[in-house]
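Student: Each chain, letter by letter, is given below.
Protein chains: 2
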Amino acid sequence: MQLDFKKTEGLIPAIAQDAETGKILMLAYINEESWKLTLETGIAHYWSRSRSKLWKKGESSGNLQMIKEILVDCDNDTVIFKVEQIGKAACHVGYESCFYRRLEKDGTETIVDKKIFNPDEVYKK
Amino acid sequence: MQLDFKKTEGLIPAIAQDAETGKILMLAYINEESWKLTLETGIAHYWSRSRSKLWKKGESSGNLQMIKEILVDCDNDTVIFKVEQIGKAACHVGYESCFYRRLEKDGTETIVDKKIFNPDEVYKK
Chain L
27 MQLDFKKTEG
37 LIPAIAQDAE
47 TGKILMLAYI
57 NEESWKLTLE
67 TGIAHYWSRS
77 RSKLWKKGES
87 SGNLQMIKEI
97 LVDCDNDTVI
107 FKVEQIGKAA
117 CHVGYESCFY
127 RRLEKDGTET
137 IVDKKIFNPD
147 EVYKK
Chain U
27 MQLDFKKTEG
37 LIPAIAQDAE
47 TGKILMLAYI
57 NEESWKLTLE
67 TGIAHYWSRS
77 RSKLWKKGES
87 SGNLQMIKEI
97 LVDCDNDTVI
107 FKVEQIGKAA
117 CHVGYESCFY
127 RRLEKDGTET
137 IVDKKIFNPD
147 EVYKK
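Quick note, the sequences are listed as chains L and U, same order. Counting from 27, one number per residue, gives the positions in the first sequence under the working numbering. Counting from 27, one number per residue, gives the positions in the second sequence under the working numbering.
Derived by calculation from the structure, the hints in this document are not laboratory data. Take the hints with a grain of salt, since some may be wrong.
Since the list can't tell identical chains apart, any single copy or any two copies may satisfy a pair.
[Unchecked claim] In silico BS3-like links for lysine-lysine, alpha-carbon gap of 25 angstroms or less:
{"no.": "1", "residue 1": "K32", "residue 2": "K140"}
{"no.": "2", "residue 1": "K131", "residue 2": "K150"}
{"no.": "3", "residue 1": "K79", "residue 2": "K150"}
{"no.": "4", "residue 1": "K79", "residue 2": "K140"}
{"no.": "5", "residue 1": "K114", "residue 2": "K33"}
{"no.": "6", "residue 1": "K32", "residue 2": "K131"}
{"no.": "7", "residue 1": "K94", "residue 2": "K150"}
{"no.": "8", "residue 1": "K82", "residue 2": "K140"}
{"no.": "9", "residue 1": "K49", "residue 2": "K108"}
{"no.": "10", "residue 1": "K33", "residue 2": "K140"}
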């Protein structure tokens, strides 16, 4: 199976989903190198757009994502990583999921997720 | 809440997830216009990259996506549409989900989803 890395400047969105609960944890991007490393190691690797570098998710926090299953979409340009999320939190803000806010009909937001860690303690400078 | 439409040429990925089961149905892109229409109508609207036009999902097949909940990620640049999928199929190939293939360790793929409709019958020319 060949992914189509041509469409968006070499990057494809990868959705990390909790393999047990089905909860969507985050979306990040992969390039060919991170895709290859993910397959080889069984640990999710992405491409950080903000830092323009290969990103082994959890390299600072310890919250690695162990790959349990990979699903590919009909166009070969999006993947799902079903993962075991080490540390039970994917978001750098400390929540289980990056999608911790619900948009309400009146335009306000509600926090709907639980905070697992304090980022000030985890990402020490 | 303001989404960050500046990063990727005005487009943000939107993950459609079945509101009942948690199954990920598809990923598509939204621009500001489709985002506005989605909020106004309660029906998922995307931007079709292949056709370069506003795309009311299900406009041909009848398989609309009724918005039940919207979640926004920590960077304001990805959203989840939790939807009721009319017709029980999101994929233009006829499967419930666009992610109907699992990548096996030996590089082969296995179909892991059920086919709901025959696209030749639904998309008549």
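Student: For each hint, tell me whether it holds in the structure or not.
Tutor: Hints, verified against the model:
1. For the homomeric pair K32 and K140, neither the shortest alpha-carbon distance inside one copy (37 angstroms) nor that between copies (29 angstroms) is at most 25 angstroms.
2. In the homo-oligomer, the alpha carbons of K131 and K150 never lie at most 25 angstroms apart, since the shortest distance is 38 angstroms inside one protomer and 37 angstroms across protomers.
3. Proximity of K79 and K150 under a CA criterion of 25 angstroms is satisfied intra-copy only: 20 angstroms inside one chain copy versus 46 angstroms between copies.
4. Proximity of K79 and K140 under a CA criterion of 25 angstroms is satisfied in neither setting, with 29 angstroms inside one chain copy and 38 angstroms between copies.
5. With identical chains, the CA atoms of K114 and K33 are never at most 25 angstroms apart, being 33 angstroms at best within one copy and 29 angstroms at best between copies.
6. Taking the shortest Cα distances, K32 and K131 sit within 25 angstroms of each other only across copies (24 angstroms), while inside one copy they are farther apart (37 angstroms).
7. Taking CA atoms no more than 25 angstroms apart as the test, K94 paired with K150 passes in neither setting, with 30 angstroms inside one copy and 39 angstroms between copies.
8. In this homomeric assembly, K82 and K140 come within 25 angstroms of each other (Cα to Cα) only inside a single copy, at 24 angstroms, whereas the closest approach across copies is 34 angstroms.
9. For a Cα distance limit of 25 angstroms, the shortest separation of K49 from K108 qualifies both inside one copy, at 10 angstroms, and across copies, at 12 angstroms.
10. Taking the shortest Cα distances, K33 and K140 never come within 25 angstroms of each other, neither inside one copy (36 angstroms) nor across copies (28 angstroms).
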